[in-house]
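Engineer: Take the sequences, apply the hints, and build the full model.
Number of protein chains: 2
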Amino acid sequence: MTDVAAGAVPLVDVWRGDLLESRHLGHAVICDARGVVEAWGNPGAVIYPRSSCKMIQALPLLESGAGAALPARRLALACASHNGAAIHVDAVRDWLADMGLGEEDLRCGTQVPDDPEEHKRLLCTGDAACQVHNNCSGKHSGFLMLNKHLGGGPEYTEPGHPVQKAVKAAFEEVTGEDSPGYGIDGCSAPNFATSVGGLARAMARFATANGSDARSRAMVALREGMVAHPEMVAGEGRACTELMRVMDGVAVKTGAEAVFVAILPKQGLGVALKVLDGGTRASEAAITALLSRLGALDPAHPMAMKRLGDPLRSRRGILAGAVKLAPGFC
Amino acid sequence: MTDVAAGAVPLVDVWRGDLLESRHLGHAVICDARGVVEAWGNPGAVIYPRSSCKMIQALPLLESGAGAALPARRLALACASHNGAAIHVDAVRDWLADMGLGEEDLRCGTQVPDDPEEHKRLLCTGDAACQVHNNCSGKHSGFLMLNKHLGGGPEYTEPGHPVQKAVKAAFEEVTGEDSPGYGIDGCSAPNFATSVGGLARAMARFATANGSDARSRAMVALREGMVAHPEMVAGEGRACTELMRVMDGVAVKTGAEAVFVAILPKQGLGVALKVLDGGTRASEAAITALLSRLGALDPAHPMAMKRLGDPLRSRRGILAGAVKLAPGFC
Numbered sequence: 001m002t003d004v005a006a007g008a009v010p011l012v013d014v015w016r017g018d019l020l021e022s023r024h025l026g027h028a029v030i031c032d033a034r035g036v037v038e039a040w041g042n043p044g045a046v047i048y049p050r051s052s053c054k055m056i057q058a059l060p061l062l063e064s065g066a067g068a069a070l071p072a073r074r075l076a077l078a079c080a081s082h083n084g085a086a087i088h089v090d091a092v093r094d095w096l097a098d099m100g101l102g103e104e105d106l107r108c109g110t111q112v113p114d115d116p117e118e119h120k121r122l123l124c125t126g127d128a129a130c131q132v133h134n135n136c137s138g139k140h141s142g143f144l145m146l147n148k149h150l151g152g153g154p155e156y157t158e159p160g161h162p163v164q165k166a167v168k169a170a171f172e173e174v175t176g177e178d179s180p181g182y183g184i185d186g187c188s189a190p191n192f193a194t195s196v197g198g199l200a201r202a203m204a205r206f207a208t209a210n211g212s213d214a215r216s217r218a219m220v221a222l223r224e225g226m227v228a229h230p231e232m233v234a235g236e237g238r239a240c241t242e243l244m245r246v247m248d249g250v251a252v253k254t255g256a257e258a259v260f261v262a263i264l265p266k267q268g269l270g271v272a273l274k275v276l277d278g279g280t281r282a283s284e285a286a287i288t289a290l291l292s293r294l295g296a297l298d299p300a301h302p303m304a305m306k307r308l309g310d311p312l313r314s315r316r317g318i319l320a321g322a323v324k325l326a327p328g329f330c
Numbered sequence: 001m002t003d004v005a006a007g008a009v010p011l012v013d014v015w016r017g018d019l020l021e022s023r024h025l026g027h028a029v030i031c032d033a034r035g036v037v038e039a040w041g042n043p044g045a046v047i048y049p050r051s052s053c054k055m056i057q058a059l060p061l062l063e064s065g066a067g068a069a070l071p072a073r074r075l076a077l078a079c080a081s082h083n084g085a086a087i088h089v090d091a092v093r094d095w096l097a098d099m100g101l102g103e104e105d106l107r108c109g110t111q112v113p114d115d116p117e118e119h120k121r122l123l124c125t126g127d128a129a130c131q132v133h134n135n136c137s138g139k140h141s142g143f144l145m146l147n148k149h150l151g152g153g154p155e156y157t158e159p160g161h162p163v164q165k166a167v168k169a170a171f172e173e174v175t176g177e178d179s180p181g182y183g184i185d186g187c188s189a190p191n192f193a194t195s196v197g198g199l200a201r202a203m204a205r206f207a208t209a210n211g212s213d214a215r216s217r218a219m220v221a222l223r224e225g226m227v228a229h230p231e232m233v234a235g236e237g238r239a240c241t242e243l244m245r246v247m248d249g250v251a252v253k254t255g256a257e258a259v260f261v262a263i264l265p266k267q268g269l270g271v272a273l274k275v276l277d278g279g280t281r282a283s284e285a286a287i288t289a290l291l292s293r294l295g296a297l298d299p300a301h302p303m304a305m306k307r308l309g310d311p312l313r314s315r316r317g318i319l320a321g322a323v324k325l326a327p328g329f330c
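Listed in order, the protein sequences are those of chains S and E. Number 118 in the UniProt record's numbering belongs to position 118 of the first sequence; there are no gaps in the numbering. Number 204 in the UniProt record's numbering belongs to position 204 of the second sequence; there are no gaps in the numbering.
Hints are computed from structural coordinates only; laboratory data are not their basis. It is possible that part of the hints are untrue.
Unchecked claim - Label pairs and their computed distance ranges (CB to CB):
#, chain 1, residue 1, chain 2, residue 2, range
1, S, R121, E, A33, 52 to 60 angstroms
2, E, P71, S, V246, 49 to 57 angstroms
3, S, G237, E, R217, 43 to 51 angstroms
4, S, R313, E, L325, 31 to 39 angstroms
This structure is a prediction, so every number in the text was calculated from the model and none was measured. Even for Gly, the Cβ is constructed at its ideal location relative to N, Cα and C.
Structural biologist: In structure tokens:
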């Protein structure tokens, strides 16, 4: 394993007029159940998966039995980086209430919601954003449910807490690597590092899971929950939601600093990518290209073109440029 | 001259925990009146300066005599990428009215303002954003004033229009290069390409201008207008405004896709930088480092630390990481 910069290659270019204006480097890996099938950049580059690994962080919730009865919609929410729209906020509040818990039990911190309607409502009524609006509040609800089962203390985001120990164990098992370290994520939970190849391998395990054991059943339930409720995983206008809606059975998930993963059950493949500079426009364009390459996404669909294909325009609609794949990628 | 990717070097790193999470490559050049003093990356890399060159785009307005009587505040506005706050919107409306023109004469397009108060006002009253809110509406007011003087038609953003021909001529003269092409900017005006070194050379000319001829007087007036009214150049919370406020006589200006320039009259130096991936957090950190290196900015000042030095924290305030200079830069 090497640092994230080692071996990064051009993935996505931004053109304006006849000139290259900006370029994004990075790493992208496609794995099947046996290992790396295809890679651009360095599969050994160490990354923080950030929110792209929420389906891994949710494994102990299901494998422990704590979340065995959870409906698919809540499983999707446990894997979500949601917009804090009313549907997300209401669903988290309901989940917390069903556990006899409340907003004050969360440890994700307050976040102003990205959802335009909810944001407007808060601004114009003077209501305050709260921890339920945090894009990770579904994941944290899952942590709280696991914690009730494990009987741990209230500070469930501390790296030594039983919840996080369980997450780390699952994470290392499915990536097939000892994690070289952790960082504190925006929601204050530890985020375990792995290689891009390790993350793609984990996604291939989700893709090829067949329900033969507790882990495999958990993987199937989580990927199917995401696919069944794309609106819960992100929100209106967001890449995860819009891309899952126009694919058949493929789960995708973004992470901060331009990580993106995909789980392709029909192909038995997992994908992981990281854009070196953290630019989300590039991770969205790159995952769109890879999903198209693998036959999971129609590159001419408006939801694909929105990320890769539509021209860049000025504020008066004049054609200005385009986001393109860099030479040599995909 | 080469494309923007050729010779880019690491400028800014983002760390989380003990691991490098993201890296930004790019080019940075310091020039004096004679040429390049110091450079990282490739001074010959071709870039679009975007809004960083607004003081160049304003030169014909003053050199023609059309804007000879403009107060410093309007000169700052002509160089601005403003937030669309009330002070900016009111100032643009007044300027247009003084010319017997209105919002409908602008060709910059409508933009939802970044200023939180004005954004909230529009959302909660139902008032619509308009072209005056566009961050470039001050530059366009300057274009309109020049156009009145030149007697051109209303489509002053067209590349063949007398206003844009005058801008291109000034641009090529002060960069010392034939522009290799233009792109359409977000505000629909042409944006002429140059090398990073050419842009730094132009800034050095602004820095060393002494009022000896019409161009030199225009350069002094524009840099002094920016320095006298930093609040007009960007807005509250923005890097240009906050950095100019805590420096002595230094003008700085950001541009889309992570360009940043500085004009340092006391040192007789000009600076230009471009982050390859277009990441603004990196261009702000890099210009902060260069201004500190050149003795213009106290790196321990909170407004400097905000861009380079303050830790990254989770939403609950837990220490998570840091933005740092990449090895070898600055």
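Engineer: If a hint holds in the structure, say so; if it does not, say that too.
Structural biologist: Checked hints:
| no. | hint | in the structure |
| --- | --- | --- |
| 1 | S:R121 with E:A33: 52 to 60 angstroms | holds, 56 angstroms |
| 2 | E:P71 with S:V246: 49 to 57 angstroms | holds, 54 angstroms |
| 3 | S:G237 with E:R217: 43 to 51 angstroms | holds, 49 angstroms |
| 4 | S:R313 with E:L325: 31 to 39 angstroms | holds, 35 angstroms |
Of the numbered hints listed earlier, not one is contradicted by the structure.
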